[in-house]
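Number of protein chains: 2
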Amino acid sequence: MLFRQLFDSESSTYTYLIADEITKAAVLVDPVWEQVDRDLQLITELGLDLKYCLETHIHADHITGTGKLREITGCLGIVPTKASATCADKYMQDRERLEAGEIIIQAIATPGHTDSHIAYLINNDKLLTGDSLLIRGCGRTDFQSGNAGIQYESITEKLFTLPDTTLVYPGHDYKGFTVSTIGEEIQHNPRFKNQNKTTFIEMMNNLNLPNPKKMMAAVPANQKCGNK
Amino acid sequence: MLFRQLFDSESSTYTYLIADEITKAAVLVDPVWEQVDRDLQLITELGLDLKYCLETHIHADHITGTGKLREITGCLGIVPTKASATCADKYMQDRERLEAGEIIIQAIATPGHTDSHIAYLINNDKLLTGDSLLIRGCGRTDFQSGNAGIQYESITEKLFTLPDTTLVYPGHDYKGFTVSTIGEEIQHNPRFKNQNKTTFIEMMNNLNLPNPKKMMAAVPANQKCGNK
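For the record, the sequence lines run as chains A and B.
The numbers in the numbering used here rise by one with no breaks, and the one at position 121 of the first sequence is 121.
The numbers in the numbering used here rise by one with no breaks, and the one at position 146 of the second sequence is 146.
It cannot be assumed that every hint is accurate.
Given that identical chains are not distinguished, each listed pair holds provided it fits within a single copy or across any two copies.
[As the list claims (entries may be wrong)] When the alpha-carbon atoms are kept at most 16 Å apart in a straight line, the in silico EDC-like pairs for lysine to aspartate or glutamate are as follows:
#1 K175 / E10
#2 K193 / E157
#3 K175 / D37
#4 K175 / E34
#5 K90 / E202
Read the hints as simulated data drawn from the structure, not as lab findings.
Source: prediction; values computed, not measured.
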């Protein structure tokens, strides 16, 4: 399997390119509008056939590259079921599996950051967590249908029950981390270590973060799959 | 083997943490001064025993974290032989091997960006290229003992003769790439594809890049292993 983590420094977003090296079937998870040329060039150079663009959720901090990529390559745009994006070609349900060659992508509904957020487990060992679990952190829950209590349940009951060795690949990182493991996050993530649901909710409700700069443009654009 | 790629967004530098998961012996390659707290916390959380801090070269764009890390952990600071840094505990020669538990690190002298630059091959499949080969690029050669012709020879004769599947982990990236392979760089790196030594030298001599902002402070500090 080809697996590439790609970074957008403006929004600190990670995009993931995953491909079956035999059939060349490829999937992009959380592509970024400004990075479409980079991603397309890489896909072309590697001789890949882009089948799907997946979103973990409707992003508030950047505009998805899916609309442009779909127009150019004919790939399908896939969003979580319940996401308010009528533009998608397919909607992923909790526990639904998507295949691309030998690659199996399993959806794990992880609401909390948004009410329709999904994490994707790749071939049972790489977990793309989007804005649910981050490395030593987690996605905010204070806007756009977010809910701290539900985030706590999604992460502790659904992600922290995966094997300890599962690799954690987040949707963002702001400190320069690229990967972690479930075991490591259970032990060392300060948002969950020595916290219970009540203290977690209190902590999340007191973060007082500013809204993302691009939020007013990004959310409506992403509800249209990135077609501005 | 534990292998972690860490990013410093200010200088776009990659630091690599490599550890034997049995003995916990760990090595940091190209640590950054401003990220020492982050790196130490990660090393502590993972229960690792930092044995060595390795430099690929005397950096001009950031100050190494080696001095601080050595002071705190007692690790050894290692620089390439011929590097003008009298502060080091050990000097690596071309083809010399360093062991940390089951991890074998082989030095490959790759002068060009500086005259003493070394790339490190980890367990025969991961190549930490420093500022020699970058993803779809290469390190500049216009200051600090750099030489374009020698860079061309180092990359085409020493790195491009490694197996195509060798993973390329660079010392910097400015476009959001995290990893490539030797085969991919031979095929798609515009600095080398359809170039010969003469055209490469001409291209490198006409880049007209500004000097790194921190150069006047970084070079002398790095010659003292990061002790400002």
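Comparing the hints with the structure gives:
1. For the identical chains of this complex, K175 and E10 are neighbours both inside a copy (13 Å) and across copies (11 Å), given an alpha-carbon limit of 16 Å.
2. Within a single copy, K193 and E157 get their C-alpha atoms as close as 14 Å, which meets the 16 Å cut-off; across copies the closest is 50 Å, which misses it.
3. For the homomeric pair K175 and D37, the shortest alpha-carbon distance between copies (11 Å) is at most 16 Å, but the shortest distance inside one copy (26 Å) is not.
4. With identical chains, the CA atoms of K175 and E34 are at most 16 Å apart between copies only, with a shortest distance of 11 Å across copies and 21 Å within one.
5. In this assembly of identical chains, the alpha carbons of K90 and E202 never lie at most 16 Å apart, being 36 Å within a copy and 51 Å across copies at closest.
In summary, the structure is inconsistent with hint 5 from the numbered list given earlier, while agreeing with all the others.
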